[in-house]
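Generate coordinates for the entire structure from the input sequences, incorporating the hints supplied.
Number of protein chains: 2
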Amino acid sequence: MEYTKPLLRLIEYFQKLPSIGPKTAQRLALYILKMEKPEVESFANAMVEAKTTIKYCSNCYNISSNDPCEICTNTSRSRETICVVAEAKDLFAIEKTNEYSGQYHVLQGLISPMDGIGPDDIKIKELLKRVHENEIKEVILALNPSVEGEATALYLSKLLKPFGIKVSRISYGIPIGSELEYTDELTLIRAIETRQEV
Amino acid sequence: MEYTKPLLRLIEYFQKLPSIGPKTAQRLALYILKMEKPEVESFANAMVEAKTTIKYCSNCYNISSNDPCEICTNTSRSRETICVVAEAKDLFAIEKTNEYSGQYHVLQGLISPMDGIGPDDIKIKELLKRVHENEIKEVILALNPSVEGEATALYLSKLLKPFGIKVSRISYGIPIGSELEYTDELTLIRAIETRQEV
Numbered sequence: 007m008e009y010t011k012p013l014l015r016l017i018e019y020f021q022k023l024p025s026i027g028p029k030t031a032q033r034l035a036l037y038i039l040k041m042e043k044p045e046v047e048s049f050a051n052a053m054v055e056a057k058t059t060i061k062y063c064s065n066c067y068n069i070s071s072n073d074p075c076e077i078c079t080n081t082s083r084s085r086e087t088i089c090v091v092a093e094a095k096d097l098f099a100i101e102k103t104n105e106y107s108g109q110y111h112v113l114q115g116l117i118s119p120m121d122g123i124g125p126d127d128i129k130i131k132e133l134l135k136r137v138h139e140n141e142i143k144e145v146i147l148a149l150n151p152s153v154e155g156e157a158t159a160l161y162l163s164k165l166l167k168p169f170g171i172k173v174s175r176i177s178y179g180i181p182i183g184s185e186l187e188y189t190d191e192l193t194l195i196r197a198i199e200t201r202q203e204v
Numbered sequence: 007m008e009y010t011k012p013l014l015r016l017i018e019y020f021q022k023l024p025s026i027g028p029k030t031a032q033r034l035a036l037y038i039l040k041m042e043k044p045e046v047e048s049f050a051n052a053m054v055e056a057k058t059t060i061k062y063c064s065n066c067y068n069i070s071s072n073d074p075c076e077i078c079t080n081t082s083r084s085r086e087t088i089c090v091v092a093e094a095k096d097l098f099a100i101e102k103t104n105e106y107s108g109q110y111h112v113l114q115g116l117i118s119p120m121d122g123i124g125p126d127d128i129k130i131k132e133l134l135k136r137v138h139e140n141e142i143k144e145v146i147l148a149l150n151p152s153v154e155g156e157a158t159a160l161y162l163s164k165l166l167k168p169f170g171i172k173v174s175r176i177s178y179g180i181p182i183g184s185e186l187e188y189t190d191e192l193t194l195i196r197a198i199e200t201r202q203e204v
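Heads up: the protein sequence lines correspond to chains H and X, in order.
Basically the working numbering = 1-based index in the first sequence + 6.
Basically the working numbering = 1-based index in the second sequence + 6.
Be a bit skeptical, because a hint or two may be false.
Cut-off 27 Å, straight-line C-alpha distance, at most; resulting in silico cross-link-like pairs (BS3-like, lysine-lysine) [as the list claims (entries may be wrong)]:
{"#": "1", "chain 1": "X", "residue 1": "Lys29", "chain 2": "H", "residue 2": "Lys102"}
{"#": "2", "chain 1": "X", "residue 1": "Lys22", "chain 2": "X", "residue 2": "Lys40"}
{"#": "3", "chain 1": "H", "residue 1": "Lys29", "chain 2": "X", "residue 2": "Lys61"}
{"#": "4", "chain 1": "H", "residue 1": "Lys22", "chain 2": "X", "residue 2": "Lys43"}
{"#": "5", "chain 1": "H", "residue 1": "Lys22", "chain 2": "X", "residue 2": "Lys22"}
{"#": "6", "chain 1": "H", "residue 1": "Lys29", "chain 2": "H", "residue 2": "Lys11"}
Hints in this document: simulated from the structure, not taken from any laboratory.
Okay, structure coming up:
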């Protein structure tokens, strides 16, 4: 016996989402069947509404209902630094710390030749234009410490050098609260390499 | 800075799904924003369509587009055994083995006083009615080896006793391919208790 077509179709859609495997997709789809009909309808509406109404800021490429976004139009924020992140979720993670009050630039991806994503597929040109047209003093690269993050950071730092501005990267090292003993080798190597004088 | 309302709403919906925490919900919602609009719309439609068109079989309470379902109407299956499962997904797991060709009964839950689910909230009355009205020789209880599964199995076996039919439970023990050494104590205890003569 097979699942009926409408259920199979729903399972397939859930499976397209990141980090959702076949078993989880099945569980989620079966859960939808158990929900009340009005609830399912408003979930479906929320999906379409989010997709339809949410835009990207044409300046920093952050997710926003307005263009330019709240951050770009906030006059109390410094206009001299741009923090470069891969995705909007990274921006939100940094915003939660309440420690940074400059501008952002969301690349909307990272250079990844394996996935066919080259420099022209992410918002690099747009970053260079902003740096060129505004009085920027520092660009902070806040990219994941992955192969793609490293490659993109290297590429960006080369492109930004000619502007004669400060280009920095956030530090990678041992997370606060964890123990040396349990830190993986690569992190430990990086933490030693980037040691700072005290 | 906060997420915009339509995005927050979508994140909240994803978070209602089982096994989806706040971080995953955020990732899924952001992924929806990156999908093509027609794709999002047909995902949303698939959700509503599955909910609207899929029914439960009025005999065994399995998920089905037809009532009674394929299994209940399949004349090549034995009518003498009923395999009792908690959820449709358990039925599908058993069907995949191609080893069982009797009837099923989907309880649509397990007795769980902690969650306010009593015997009347799941399809127990309906099971007893089926056993009463048909010539059933055996009821196989295929419920999860959890507190709720055990409680439900105990409750059902007491109710089924007066019918004078065979009531069995699937075996719990060491999974094939795993090692005694790494088996948790409860499983090991159960495996010893239910040992079979060879």
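Each hint tested on the structure:
Annotation: proposed proximity of X:Lys29 to H:Lys102 holds, straight-line Cα distance about 14 Å (limit 27 Å). Restraint check: the Cα-Cα separation between X:Lys22 and X:Lys40 comes to about 21 Å, which is no more than 27 Å; the hinted pair holds. Using a Cα cut-off of 27 Å, the hinted pair H:Lys29 and X:Lys61 holds, with the two alpha carbons roughly 21 Å apart. Proposed proximity of H:Lys22 and X:Lys43 is supported: the alpha carbons are some 15 Å apart, at most 27 Å.
Between H:Lys22 and X:Lys22 the CA atoms are separated by roughly 19 Å; this keeps the pair inside 27 Å, and the hint holds. The suggested pairing of H:Lys29 with H:Lys11 holds, with an alpha-carbon distance near 17 Å, which does not exceed 27 Å.
Of the numbered hints given earlier, the model fails none.
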